[in-house]
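Chemist: Take a look at the letters that make up each chain.
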Amino acid sequence: MSAISELSSITRRKGKATAAEKKANGRDNKAAYIFLLPWLVGLVAITIGPMIMSLYLSFTDYNLLQPPEWVGLENFTRMLSDARLHNSLGVTFTYVFVGVPLQLAVALLIALVLDKGLRGLPFYRSVFYLPSLLGGSVAVAILWKQIFGTTGLVNQVLAMFGIQGPGWISDPSTALGSIILLHVWTFGAPMIIFLAGLRQIPHMYYEAARVDGATTLQQFWRITLPMLSPIIFFNLVLQIIGSFQSFTQAFIVSGGNGGPSDSTMFFTLYLYQKGFGQFDMGYASAMAWVLLVIIGVFTAINFIASKYWVFYDD
Amino acid sequence: MTTKLETLPTPDKKSGGAGKPTNHRKPRESRGTLAFSRAQRGKSLMKHGILILAGGLMIYPLLWMVVSSLRPNELIFREPGLWLNSLEMSNYTSGWSALTHPFGHYMINSAIVVIGSILGNLISCSMAAYAFARLQFTAKKLLFGIMLLTIMLPFHVVIVPQYILFSQIGWVNTFWPLIVPKLLATEAFFVFLMVQFIRGIPRELDEAARIDGAGHPRIFLQVILPLMVPALATTTIFTFIWTWNDFFGALIYLTDPDMFTVPVALRAFVDSQSATSWGSLFAMSIVSLLPVFLVFLFGQRFLIKGIATTGIK
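Quick note, the sequences are listed as chains V and R, same order. Going by the numbering used here, the first residue of the first sequence is number 1, and it counts up by one from there. Going by the numbering used here, the first residue of the second sequence is number 1, and it counts up by one from there.
This is chain V alone, in the form it adopts within the complex (with noise of 0.2 Å):
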């Protein structure tokens, strides 16, 4: 089960199985707040205890010197004239609903060719996982800020072909769409969430299709998407959130601010930027509470959405 499958069951199945629990085992409440304190002391004092004062600080004028002056409501009203902010948001959005479902349909396209007991399955997969855990690294960031230079790899490779290719992260036009590529660049981790999904669906199914005349891309609709889509939500949700608070590769191609003219500006760097940069505090704890719910609302979206197109086998 996944932590989302769990949630979503949590909330379904309320009391009812607590009783019987209870009456099976005995509670070792002593026992179990020991197993549990350090993880406690954490929500308490590095999770929730932070959200709280956050949300107060978002209400407060704070530059980490003089103490934090309550102002109302202006972090919020300045949020609502505050163009550069409006522009962060449109380019994390861009980000998030052009790369996602970029980097997942290429990790299924993948999963479905390598599913199969395919010679050499391991080597490709390896081949296609191993760049999902480079990418957030600051290194292929680097390697990003080069082959998508002026005179970098892409365009070397082009004026072989006699092509006179842009500087892509220098040209305002391009430079999010390499950022968004090297987003997709990373599909291997979902993509072996695929795989291992893929290996689930009985065989059966296909069996009996194929006695019925099924053709190969009637198989695909109404057998592998369905099966597949628990996985596919799953998916879905877990890089929308990713996606969301994405920065280190924005922050090292536009050398931290989030160029040229705003165009690789995402929220995180301008709350980064306001926070970090400036420390006007209370703003960018403003700005993290709206990330917060938009983030919620998004997730929320998706849980409501994913009854009417999200097929529970069992």
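The set of hints was computed from the structure by calculation and includes no laboratory data. What you are looking at is a predicted structure, and each value in this text was computed from that prediction instead of being measured. Please note that a few of the clues may not be correct.
Stated by the list, open to error - Simulated pairs of lysine-lysine, DSS-like, Cα-Cα distance not exceeding 25 Å:
(1) K47(R) / K116(V)
(2) K116(V) / K43(R)
(3) K141(R) / K307(V)
(4) K30(V) / K140(R)
(5) K116(V) / K305(R)
(6) K30(V) / K141(R)
Dock chain R against chain V, hints included.
Modeler: Frame of chain V, contents of chain R only:
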């Protein structure tokens, strides 16, 4: 990418053994026998062709970076191929000493943070996982739900107050802000991974130990922990890679070059470099990726299992 989308015979593999359904579960063995028709061989060849092409495209940039780091600087902007005329090690020697400290200094800093994080995650996450998987206690459902939610919580919501907290304790420019949260099981993903694993261990083993008079600490240490070594290995490997690559945390907490970990050192390098030092920048990038690559090479089995089992319903 679009051309590949069109040419890929996506659902074709479903008809791999169309004529012989009984063979279908083991296509590997049918290979090379008469049952493996010419059409199928063609299809399989095409599939391999596509995969080799796609895979080549995927790792070409990495291979090119390795080759370029072994070339004289000016060739990086002129030579898209992978052919090496001579081995130029000067990029590595100049890159190694390009910053305030030799690059090894930053690797040691990274290693300290990585080791601390691994120990922290192993201890704190396995303890929490044991409680969630095996013990009954008040508010278990609620706490478990909260734990799952924290996996998805964006880091940014807590970073400002965390920074304030750690700077008030005087921990800025120390490794503590990067290690202490791991000692407190804040990487809940691993708690969840271990809960999944412990649930798969037969409860009879706990019961037997309990009848022999073992309490929870002994059951945990002597029964469960030895049996969950694969989950601990997965945790170790993922923690290694994520911590080694972690840029945001180090960027915020480590501003003193003495304390730089590898990612922030590389960032300082890329900011300071002139157009002529791409070779040494590439060389140090390779050096920084090498540990991750080695872990990938030897720990692949655990990585793939870890992703697959936590990703599956």
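Chemist: Check the structure against each numbered hint from earlier and tell me which ones fail, lowest number first.
Modeler: none
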